[in-house]
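In order, the protein sequences belong to chains V and W.
Okay, so the first sequence: first residue is 474 according to this note's numbering, each after it adds one.
Okay, so the second sequence: first residue is 474 according to this note's numbering, each after it adds one.
Hints are computed from structural coordinates only; laboratory data are not their basis.
Misleading hints may appear alongside valid ones.
[As the list claims (entries may be wrong)] Restraint ranges, calculated between C-beta atoms of paired labels, are given here:
#1 W/PRO608 / V/SER562: 49 to 59 Å
#2 W/GLU640 / V/GLY566: 29 to 39 Å
#3 V/SER642 / W/GLY702: 34 to 44 Å
[Claimed, not checked] Short derived list, chain W residues pointing at chain V, Cβ under 7 Å:
#4 GLU484
#5 LEU486
#6 LEU488
#7 ILE552
#8 GLY553
#9 MET621
#10 ALA622
#11 ASN623
#12 THR645
#13 ALA647
#14 VAL653
#15 LEU654
#16 SER669
#17 VAL705
#18 THR708
Even for Gly, the Cβ is constructed at its ideal location relative to N, Cα and C.
Number of protein chains: 2
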Amino acid sequence: MKQIDVCLSPELLHLFDMRGKVVVVIDILRATSCMTVAMAHGVAGIIPVASLEECMELKAAGYITAAERDGKKAEGFDIGNSPFSYMESYLVGQTIGMTTTNGTTAIARSREAEQIIVGSFLNLTTVAEYLHTLPNDVVLLCSGWKGMANAEDTLYAGALVALLENEYSFATDAPILAKVLYDSAKEDMLTFLSASSHVSRLHNLNITEDIKFCLTPDQYSVIPVLKDGVLVPLTPIETSAN
Amino acid sequence: MKQIDVCLSPELLHLFDMRGKVVVVIDILRATSCMTVAMAHGVAGIIPVASLEECMELKAAGYITAAERDGKKAEGFDIGNSPFSYMESYLVGQTIGMTTTNGTTAIARSREAEQIIVGSFLNLTTVAEYLHTLPNDVVLLCSGWKGMANAEDTLYAGALVALLENEYSFATDAPILAKVLYDSAKEDMLTFLSASSHVSRLHNLNITEDIKFCLTPDQYSVIPVLKDGVLVPLTPIETSAN
């Protein structure tokens, strides 16, 4: 039986052996939601980098760049971290350099994995169906908030665990924790998350519409996948493999 | 308002500023349950050490020693990790050297805190009432399993959060995660935990009676507290302070 595990924070990643695993990187508010939107709206590729400096180098090299720190667009870059910014027609066919507070760091730290894909509520069922076709064990990597576990990423991990639990055994207790959280919150995730620290922080930035959208399941059937350091859409051939 | 936080694993401890905080160390199966039992049954002190080597040095120095690795008594020591072993009359007035897989490491890593106390279901309400009397922020430190979060320690953290939430704000999302887990499991914790990895491991070692006992709330009103590197019972003067 395949195994599933949840890494509650990138700070715990050193405890995982990623070799042979498929990693689903999760940063619901808002990096991996934005990546999903971007691919669905025709962006050709996203280069995830951990630092603002690397992102600035990409800008100097001519890329459109997206940078967020502490919930706000970082100065000097083209796009921030609102999913609606990634629906614009000028981005079609472009490759974007992107750095975010938590999400791109999680990607940088999981390079040993067999494959790295991007998950969000927006492509929830597509991700579950894709994992179903693969023989690999799975690690759901929550980006968290500055090293701490957060509610929204754990919630999404729980939603995936709920869709996959019949096919996978649980490697540790973390999938149980995530699934219990999801079962408690699924009827009204927005209200549930309003008590959480990160969502409070974002509410203060007046991005309630972003949050609502990022919690809406199954808006798209695209999966961003990391290839040679660039996130690109998983092709139809790959998604229908096996 | 005082703040409460939950550290889901000692591997996340470096993210916490422990100065001025009271830390409740949690290793339900079974280190902190054993420590509670020992103090309640007249043990004078417990010296928690991280390694088997340090514990062997204490044995050589004449102490009674307790050592557990991977759920079993380590060879060459006097006592293992069953709470019932700590009820024996020959231990009254003695000081014990103790090392366990996860619990004593958690204590060793939180030395910067203002005060370190030991929590278990066995002294649940007493711990909550004691924290209530203190002005300090609180960190509930789950020992986990080899660096990973585990269900039983998170469950106990959630039980404490449920008792304390009216007086404390949540520092991160981890107290929410813990409380949701507790709310889901509280009606039948043993059945809930039977799905967890650590409890399965322990069931294989035939220690179901230990597990049942460790999940029983409020058997004792003693709190072990760390003083100069030794766990001793909190005195009645301290427990009735303020």
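Structure-inconsistent hints, enumerated in ascending order: Hints 2, 5, 7, 8, 17, 18 are the ones this structure does not satisfy, whereas the remaining hints hold.
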